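Q: Quick note, the sequences are listed as chains R and C, same order. Heads up: the first sequence runs through residues 2 to 468, numbered per our numbering. Heads up: the second sequence runs through residues 71 to 321, numbered per our numbering.
It is worth saying that the hints were derived from the structure and are not from the lab. Worth double-checking, as some hints may not be accurate.
[Claimed, not checked] Under the rule of at most 20 Å between Cα atoms (straight-line distance), these lysine to aspartate or glutamate pairs were calculated in the EDC-like manner: (1) C:K176 x R:D198; (2) C:K154 x R:D172; (3) C:K146 x R:D172; (4) R:K416 x C:D249; (5) R:K416 x C:E213; (6) R:K56 x R:D198; (7) R:K416 x C:D139; (8) R:K445 x C:E85; (9) C:K128 x C:D184; (10) R:K445 x R:D198; (11) C:K237 x C:D139.
[To be verified] Here are the computed distance ranges between Cβ atoms for each label pair: (12) R:P47 x C:Q211: 33 to 39 Å; (13) C:E73 x R:S409: 29 to 35 Å; (14) C:K206 x R:Y156: 55 to 61 Å; (15) C:N188 x R:D384: 51 to 57 Å; (16) C:N79 x R:S409: 44 to 50 Å; (17) R:N373 x C:K206: 45 to 51 Å; (18) R:P393 x C:K237: 25 to 31 Å; (19) C:Q211 x R:G194: 45 to 51 Å; (20) C:T132 x R:G411: 28 to 34 Å; (21) R:D384 x C:K206: 57 to 63 Å; (22) R:L104 x C:K206: 48 to 54 Å.
All figures in this text were calculated on a predicted structure; none of them were measured in a lab. Note that beta-carbon positions come from the ideal geometry of N, C-alpha and C, so glycine has one too.
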Amino acid sequence: MKTNVDEYLDDNINNIYNLKADVDSEKYFGLTKEIIENISKEKNEPSWVLDIRLKALELYDKLEDPTWGPDISYFDINKIATYIKHNVNEERSWDDVPEDIKLIFDKLGIPEAEKKSLAGVGAQFDSEVVYHNLTEKLKEQGVIYLNFDQAIKEYPELVKKYFTKAVPLTDHKYIALHYALFSGGSFVYIPKGIKLDLPLQSYFRLNEKGAGQFEHTLIVVDDDASMEFIEGCSAPGYNDLNLHAGCVELFVGKNAYLKFSTIENWSRNMLNLNTKKCYVEENGKIEWIMGSFGSKVSMLYPLSVLNGKNSKCEFTALSFAGKGQNLDTGLKVVHNAPNTSTIVNSKSISKDGGICTFRSNVLVKKQATNSNMTLSCESLMLDSISRSDTIPVNTLENNDLTFSHEASIGKISDKAIYYLMTRGLSEIEAKALIVQGFAEPISKSFPVEYAVEMNRLINLELEGTIG
Amino acid sequence: MKEILEIKNIYTIAEDDNSKEILKELNLSINYGEVHVIMGPNGSGKSTLANTCFKSPKYIITNGNIIFDGEDITDKSTDYIAKKGMFMSFQSPEEIPGVTIASFLKTIRSSQTDLRVNMMEFYKEINEKMQSLDMKKEYAQRELNVGLSGGEKKKNEILQMLMINPKLAILDETDSGLDVDAIKIVSKGINLFKNENNAVLIITHNTKLLENINVDKVHILVNGKIVKSGDRSLADEIQKKGYAEYLNNEN
Numbered sequence: 002m003k004t005n006v007d008e009y010l011d012d013n014i015n016n017i018y019n020l021k022a023d024v025d026s027e028k029y030f031g032l033t034k035e036i037i038e039n040i041s042k043e044k045n046e047p048s049w050v051l052d053i054r055l056k057a058l059e060l061y062d063k064l065e066d067p068t069w070g071p072d073i074s075y076f077d078i079n080k081i082a083t084y085i086k087h088n089v090n091e092e093r094s095w096d097d098v099p100e101d102i103k104l105i106f107d108k109l110g111i112p113e114a115e116k117k118s119l120a121g122v123g124a125q126f127d128s129e130v131v132y133h134n135l136t137e138k139l140k141e142q143g144v145i146y147l148n149f150d151q152a153i154k155e156y157p158e159l160v161k162k163y164f165t166k167a168v169p170l171t172d173h174k175y176i177a178l179h180y181a182l183f184s185g186g187s188f189v190y191i192p193k194g195i196k197l198d199l200p201l202q203s204y205f206r207l208n209e210k211g212a213g214q215f216e217h218t219l220i221v222v223d224d225d226a227s228m229e230f231i232e233g234c235s236a237p238g239y240n241d242l243n244l245h246a247g248c249v250e251l252f253v254g255k256n257a258y259l260k261f262s263t264i265e266n267w268s269r270n271m272l273n274l275n276t277k278k279c280y281v282e283e284n285g286k287i288e289w290i291m292g293s294f295g296s297k298v299s300m301l302y303p304l305s306v307l308n309g310k311n312s313k314c315e316f317t318a319l320s321f322a323g324k325g326q327n328l329d330t331g332l333k334v335v336h337n338a339p340n341t342s343t344i345v346n347s348k349s350i351s352k353d354g355g356i357c358t359f360r361s362n363v364l365v366k367k368q369a370t371n372s373n374m375t376l377s378c379e380s381l382m383l384d385s386i387s388r389s390d391t392i393p394v395n396t397l398e399n400n401d402l403t404f405s406h407e408a409s410i411g412k413i414s415d416k417a418i419y420y421l422m423t424r425g426l427s428e429i430e431a432k433a434l435i436v437q438g439f440a441e442p443i444s445k446s447f448p449v450e451y452a453v454e455m456n457r458l459i460n461l462e463l464e465g466t467i468g
Numbered sequence: 071m072k073e074i075l076e077i078k079n080i081y082t083i084a085e086d087d088n089s090k091e092i093l094k095e096l097n098l099s100i101n102y103g104e105v106h107v108i109m110g111p112n113g114s115g116k117s118t119l120a121n122t123c124f125k126s127p128k129y130i131i132t133n134g135n136i137i138f139d140g141e142d143i144t145d146k147s148t149d150y151i152a153k154k155g156m157f158m159s160f161q162s163p164e165e166i167p168g169v170t171i172a173s174f175l176k177t178i179r180s181s182q183t184d185l186r187v188n189m190m191e192f193y194k195e196i197n198e199k200m201q202s203l204d205m206k207k208e209y210a211q212r213e214l215n216v217g218l219s220g221g222e223k224k225k226n227e228i229l230q231m232l233m234i235n236p237k238l239a240i241l242d243e244t245d246s247g248l249d250v251d252a253i254k255i256v257s258k259g260i261n262l263f264k265n266e267n268n269a270v271l272i273i274t275h276n277t278k279l280l281e282n283i284n285v286d287k288v289h290i291l292v293n294g295k296i297v298k299s300g301d302r303s304l305a306d307e308i309q310k311k312g313y314a315e316y317l318n319n320e321n
């Protein structure tokens, strides 16, 4: 399938990611009580939301940076535009979205994909959502897909029931920061028994220099329901540090299914400190698909809590770290009930001194008998200055379980490169083909447009034309 | 007659061991339309010769020149030489996981031409060529050399040769480890490929592969040097008597 993105990429991929819109905006820098009160006022929020923000601010000031993982001590909240108000409204039609902003989403192929293969789309530009739409048919079935700020106003009871329940304010310093500043994101509710044929997609675009993005995504897939959600993220490159401290809270009901795909291509000045958690009830299944290409530093370890009998977690991830990138990713899973299972398939590629670290933290509780964990982590290094680590931590509180963990780290084979070159491929083409083949078992799980885009990102990465 | 390959006084050392020359004072000339055979005992430099022609990073040419299709390629890169029309069938081809044979052949085809590959015609061509090599259609969807048997790998090399349609095909021990039927299919593939505008250099241990092929010249390679050249009867003689006579000469 040839997509809009695809055609555009043929001509000029670099420019998509580097496009910047010139939009009137009002910015707040740093983090003070006054700023938070202002944000809350701008959003015209109920007081219980402001209370959460202020409590989070207190926690942020108290909590320390993590003592492990990549060094982020250079981070200074006062240099981050913590809230950016563009003078634009959220629209239901792309025609009403300001031209400059629409152009960027056009180039990213979002409106085109919406027509062809999506049931609903949300598009966030810096702090606020500029477009949100869902098909009429799904609205009639009771499906809710709204920008998060809107959902607070329209469905306060439903939001309250779940908001902060998967990821508490106290989790870590940057989640406290998130709750103090959260803005935009999506709220999804799929009622009992409703199965979506097409995915919903939210695209998060960061535009301003020095900007922070703090979107909150909350998805509830009620019993016997199923859906696929895709989130895409990108930003143009700047010299100043940008920050992404989003939060994703997912609730998968009994016999329900949620596929949550993320393709992240932040620019190389991005500090990506994202938090994701999912609760899965009896017979439910969460499937995570994660593609991490961008950012300067990423720290992201989605947690799945397998709360009900026979609940399942499947986790498929691909990271590609180039020059100056430190991608510290992985997953956490808690087996809380019998017959629960986890399947992990992770691959990472590092080049030009890039660092990929994969942390897995598996906790199997006493009651989680007859459970099954299969983890496989493979790393490919394209040169001898790059780094790749796999760090498993497993806590198994019962003996009645099946556990396997395979990890392999390898360097790209010179013999294989030579073999391909004798067929007329250049060294870069040969490496790209090997890397694409290595990534193939993962990329085939991606939505098709993203799989194509991913192969192009790999090619570009090897040609060294971005970053 | 026009030469397609001319190796002039080549000396080669290994990239990681410069103490000893693997090829020395080697001269070889192949014309368009010819089939040449190189025979020699283990360690005589047969594979080194093939890889030297292709400028493998494992070998360094310390002296001499290689002229291919009228151009001195001694300082050219592997992919340049391939694009110019040289092909080599590997003794043990590398596994490339996650890349299907079909998509690999398509990648090669795209790199050969500036035109867009017509997928319908392309698949038709693959199917025809696979059929002629007694390969099942499904093989096109297998990962390149991953989990293929020795025979399947060799057929896959010949399939690539037919799809690429080079000017010169060097077949490095393509017959080794193959049963009689597989050898027949390989020689069938060579005959399908061969015409007046290309040439084949077969590196082999035994003469079974040569039974159905018109051989123009046979060369005996011992200790990195061609010690004798002759017509096909030389191959038969080697098959009977072995290399003892030439080994003695050398020492």
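Q: For each hint, tell me whether it holds in the structure or not.
A: Against the structure, the hints come out as follows:
Proximity of K176 (chain C) to D198 (chain R) is assessed by CA-CA distance (about 33 Å); at most 20 Å being required, the pair is judged violated. For the suggested pair K154 (chain C) and D172 (chain R), the alpha carbons sit about 61 Å apart, so the restraint of at most 20 Å is broken. This hinted pair does not check out: K146 (chain C) and D172 (chain R) have alpha carbons roughly 59 Å apart, beyond 20 Å. A C-alpha spacing of about 27 Å is found between K416 (chain R) and D249 (chain C), which places the hinted pair above 20 Å, so the restraint is violated.
Among the hinted pairs, K416 (chain R) with E213 (chain C) is consistent with the structure: their alpha-carbon atoms are about 17 Å apart, no more than 20 Å. Restraint check for K56 (chain R) and D198 (chain R): the C-alpha separation of about 40 Å exceeds 20 Å, so the hint is violated. The suggested pairing of K416 (chain R) with D139 (chain C) is violated, with an alpha-carbon distance near 26 Å, which exceeds 20 Å. For the suggested pair K445 (chain R) and E85 (chain C), the alpha carbons sit about 39 Å apart, so the restraint of at most 20 Å is broken.
For the hint linking K128 (chain C) to D184 (chain C), the alpha-carbon distance of about 31 Å lies beyond 20 Å, and the restraint is violated. Restraint check for K445 (chain R) and D198 (chain R): the C-alpha separation of about 19 Å stays at or below 20 Å, so the hint holds. For the hint linking K237 (chain C) to D139 (chain C), the alpha-carbon distance of about 8 Å falls within 20 Å, and the restraint holds. With their beta carbons about 57 Å apart, P47 (chain R) and Q211 (chain C) fall outside the hinted range of 33 to 39 Å.
Remark: the range hint 29 to 35 Å for E73 (chain C) to S409 (chain R) is contradicted by a beta-carbon distance near 48 Å. At roughly 57 Å, the beta carbons of K206 (chain C) and Y156 (chain R) sit within the given window of 55 to 61 Å. Roughly 37 Å separates the CB atoms of N188 (chain C) and D384 (chain R), a value that falls outside the hinted 51 to 57 Å. Between N79 (chain C) and S409 (chain R) the C-beta distance comes to about 46 Å, which sits within the given range of 44 to 50 Å.
Evaluation of the 45 to 51 Å hint for N373 (chain R) and K206 (chain C) yields a failure: the beta carbon distance comes to about 36 Å. For P393 (chain R) and K237 (chain C), the hinted distance range of 25 to 31 Å is not satisfied, since their beta carbons lie about 53 Å from each other. Between Q211 (chain C) and G194 (chain R) the CB atoms are about 38 Å apart, so this pair departs from the stated range of 45 to 51 Å. Checking the proposed 28 to 34 Å range against T132 (chain C) and G411 (chain R) shows it holds: the Cβ atoms sit about 33 Å from each other.
A hinted range of 57 to 63 Å for the beta carbons of D384 (chain R) and K206 (chain C) is inconsistent with their spacing of about 39 Å. For the hinted restraint 48 to 54 Å between L104 (chain R) and K206 (chain C), the CB-CB distance of approximately 50 Å keeps it satisfied.
Going through the hint list in order, the structure does not satisfy hints 1, 2, 3, 4, 6, 7, 8, 9, 12, 13, 15, 17, 18, 19 and 21.
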